[in-house]
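**Student:** Below, each chain spelled out in residue letters.
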Amino acid sequence: MDDYYDIDAILAEQQRIPSTLLVDIPGLGLDEQNGGGDMQANSTVELPYWIAETLAANDFIELQMPKPFSARMRRILQASCTNVNFHTLCPYFYEFGLKLAVTFDEPQLNDLLAEVYRKRLELILDAAQRADSQNMAEFVSQLDESEKKVYILAKQSTQSIRQWQKGQLYRLQMADVLKAFRGGGHKVTHAFPLLGSGHEHYLY
Amino acid sequence: MLTTKPNPNVALPELEFLAEDTLISIIPTHRMDTLHFISGSYGPFKPPNRIEVPLWLARLLKKKRRCHIQPPAWLDVTYLQRKYDEEQRQPDRFSGLPFAYMEIAHVLLECAAADDIPQAHTVQRLLQDLREIRQSKARAGLAAVNPIYLQMDNLSAVEINEIRPMFCQAFNQLQRLESQGPEYGGMPNNYESSQPSSSYQY
Chain A
1 MDDYYDIDAI
11 LAEQQRIPST
21 LLVDIPGLGL
31 DEQNGGGDMQ
41 ANSTVELPYW
51 IAETLAANDF
61 IELQMPKPFS
71 ARMRRILQAS
81 CTNVNFHTLC
91 PYFYEFGLKL
101 AVTFDEPQLN
111 DLLAEVYRKR
121 LELILDAAQR
131 ADSQNMAEFV
141 SQLDESEKKV
151 YILAKQSTQS
161 IRQWQKGQLY
171 RLQMADVLKA
181 FRGGGHKVTH
191 AFPLLGSGHE
201 HYLY
Chain B
1 MLTTKPNPNV
11 ALPELEFLAE
21 DTLISIIPTH
31 RMDTLHFISG
41 SYGPFKPPNR
51 IEVPLWLARL
61 LKKKRRCHIQ
71 PPAWLDVTYL
81 QRKYDEEQRQ
91 PDRFSGLPFA
101 YMEIAHVLLE
111 CAAADDIPQA
121 HTVQRLLQDL
131 REIRQSKARA
141 GLAAVNPIYL
151 QMDNLSAVEI
161 NEIRPMFCQA
171 FNQLQRLESQ
181 GPEYGGMPNN
191 YESSQPSSSY
201 QY
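Quick mapping for you: the protein sequence lines, in order, are chains A and B. Note that full-length UniProt numbering numbers the first sequence so that position 8 is 8, with each residue one more than the last. Note that full-length UniProt numbering numbers the second sequence so that position 122 is 122, with each residue one more than the last.
Quick caveat, the hints were computed from the structure, so don't treat them as lab data. Incorrect hints may have been included.
Unchecked claim - Each computed PhoX-like pair below joins lysine-lysine, with the alpha-carbon atoms no more than 20 Å apart:
(1) B:Lys46 <-> A:Lys155
(2) B:Lys46 <-> B:Lys63
(3) A:Lys166 <-> A:Lys155
(4) A:Lys119 <-> A:Lys155
(5) B:Lys137 <-> A:Lys119
(6) B:Lys64 <-> B:Lys46
To be verified - In silico contact screen, one side only, chain A against chain B (beta carbon under 8 Å); selected entries:
(7) Ala114
(8) Trp164
(9) Tyr170
For each residue, glycine too, the CB sits at the ideal point set by N, CA and C.
In isolation and in its complexed conformation, chain A is listed as follows:
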């Protein structure tokens, strides 16, 4: 279940979905063609998913499958999903796709999403382990938002291991409280004055 405050879920709901009006809507024709007149039944408008969903449930409009999930696009994705620019296609491809799978009751869309995700995941992990971030910028800009998250996580952990091996990562320090304790001339430290840093935690 989506978290109420999940910004990605909110943004995914903003994606537009082509809808056909089933009733006339007086006075809401705000686009240039009918300049402020009525919206005619059977005309098509693109509405954000969050409103379209409710309108469709109340039989005001009929939803059509948005382009990123059209039959043609699905064939392309099945053929080579790794070459598709998800940022231009739909930056919340998976989130939006999940919602559509429920709305249109198409479980096969779930399978497609999972397959596409798995195939692209390999590429993302590959890219994250490469060191040259310059060339990677273009690659990253073509990812879906959830894929970007995985990329950043993978990048961070690989980087921190590299830093740690070079000794550039921070070191654990003794807590200030314990330093004061030690300064007070505790028995154990007197017994072993050559202790320097790090494992004094063990002493107290």
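Given the coordinates of chain A, assemble chain B onto it according to the supplied hints.
**Tutor:** Here is chain B on its own, set in the frame of chain A:
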């Protein structure tokens, strides 16, 4: 002093800290009485006799030039070379190395590379080679992720720590994508009616 962590996972210095509890043999160079710590008492130290102490103590004594460290049997050129060959022979399996091998090697190479570890440079290079080959295996294993489970035997602490964040993310996402029940991708008003694992089949 408060340290800021780069991510919410166990940090590498913390792993290193934990690995420093490993016992390691040293040969003291000075005669010393028994040392008492909360974690235990070590000593007495009598010069030619080797004695087992935790890695953190060995590191400190080494720093003060009060001991020679005996590197563990696996921190050795021939052994590591054999492990490397093993890794290459089995492209889909990890060879067995100590769970904390990266941390221990890191500490030892840092404090005792110069005199106590024979051929330290070759050891370092072999460790790096091992790390790279294992890293690419871990990546291949991750790419084969399915929404049910992932199995990679013999992965070491640092390696698990490396793949944990992205694995969790990818695994959860994949599970959401594949599940067709209303409880995942569905609408909030279906929420109460569905049990978490009802539409789920293993």
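**Student:** Hint numbers the structure violates, sorted upward?
**Tutor:** Hint 1 contradicted; others consistent.
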